[in-house]
Amino acid sequence: MTQPPPYGDSGNPWQTPPNSPPPQPAPPQSAPPQSAPPATVPPPEYARPDWTPPGWSTPASAPPGYPPPVFGPPTAPGGFPPYFPPPKKRRWLLVTSIVVVLVVLLGGGGVTAAYFLTRNQDGIGQNTPQAAVENFLQAVYVDQNPTKAAPLVCKAARDPKKLAAKINEIKRQDDQYDSPRYTWDSPTTLHGTTKQATLSARITLTTGDVQSSSQTLTFTVIRSSGWFVCDVGTT
Numbered sequence: 001m002t003q004p005p006p007y008g009d010s011g012n013p014w015q016t017p018p019n020s021p022p023p024q025p026a027p028p029q030s031a032p033p034q035s036a037p038p039a040t041v042p043p044p045e046y047a048r049p050d051w052t053p054p055g056w057s058t059p060a061s062a063p064p065g066y067p068p069p070v071f072g073p074p075t076a077p078g079g080f081p082p083y084f085p086p087p088k089k090r091r092w093l094l095v096t097s098i099v100v101v102l103v104v105l106l107g108g109g110g111v112t113a114a115y116f117l118t119r120n121q122d123g124i125g126q127n128t129p130q131a132a133v134e135n136f137l138q139a140v141y142v143d144q145n146p147t148k149a150a151p152l153v154c155k156a157a158r159d160p161k162k163l164a165a166k167i168n169e170i171k172r173q174d175d176q177y178d179s180p181r182y183t184w185d186s187p188t189t190l191h192g193t194t195k196q197a198t199l200s201a202r203i204t205l206t207t208g209d210v211q212s213s214s215q216t217l218t219f220t221v222i223r224s225s226g227w228f229v230c231d232v233g234t235t
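1 is the number of the first residue of the sequence shown in this note's numbering; add one for each residue after it.
Bear in mind the hints are in silico, worked out from the structure with no lab data behind them. There may be inaccurate statements among the hints.
Claimed, not checked - Subject to a maximum C-alpha distance of 30 Å in a straight line, what follows is the list of computed DSS-like cross-link-like pairs (lysine-lysine):
| no. | residue 1 | residue 2 |
| --- | --- | --- |
| 1 | K161 | K171 |
| 2 | K195 | K166 |
| 3 | K148 | K166 |
| 4 | K161 | K148 |
| 5 | K162 | K195 |
| 6 | K195 | K161 |
| 7 | K148 | K195 |
Just so we're clear, the structure is a prediction, and the values are computed from it rather than from any experiment.
Starting from the given sequences, assemble the full structure and let the hints guide the process.
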């Protein structure tokens with residue numbers, strides 16, 4: 001029987017040489033090259049919604065692609081226009097005269113002469129020329145009452161219809177202002193006799209917003225059973 005060759009003999013192809021170094025492990029393979037990071041994909045554009053609830057506006061901050069926010073009062077629901085309060089009355093005074101002059105009302109020139117022909121058969125004569133003017137202004141500008149004003153006017157100049165029309169004109173003028181108020185200085189006598197006198201008084205219109213304007217009027221008063229206003233004019 002044939003015996004295998006002893007250990008270490010040359011001729012055995014499966015035997016490791018005794019003095020050869022142990023086999024080294026294979027070197028590690030290099031890591032595969034990393035791929036570049038994927039590019040950032042921008043978000044899709046958003047279109048503005050076609051419907052907005054009534055009474056709402058665009059939000060303050062919108063995502064990319066939205067138009068800038070719109071600020072303002074919400075629209076009225078249901079398609080109705082928004083409500084706006086009515087404008088206030090004019091708060092400025094006319095540059096021109098604020099006092100409605102009563103010259104036309106009392107007839108102007110010639111009334112005094114006519115008075116002496118007709119005389120005053122009725123009316124409420126005042127004790128002094130100043131009282132006649134004061135009461136006349138009170139009835140016309142404060143009370144705005146033609147019934148009170150008529151007896152204070154001499155008969156030659158007294159016309160109830162014209163007096164009522166003139167006082168209504170004053171009322172329409174007052175509607176232009178906030179809380180109008182009339183005041184006047186004490187009437188001053190310019191000249192006079194025992195039968196006739198001419199006086200002046202400064203009339204002032206003041207409104208609720210503390211604006212004012214003034215005008216000076218002259219009054220011709222006649223004495224009969226008392227003093228009556230017969231003519232009014234401007235200086």
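Evaluated hints:
| no. | hint | verdict |
| --- | --- | --- |
| 1 | K161 / K171 | 15 Å, holds |
| 2 | K195 / K166 | 28 Å, holds |
| 3 | K148 / K166 | 14 Å, holds |
| 4 | K161 / K148 | 13 Å, holds |
| 5 | K162 / K195 | 26 Å, holds |
| 6 | K195 / K161 | 28 Å, holds |
| 7 | K148 / K195 | 24 Å, holds |
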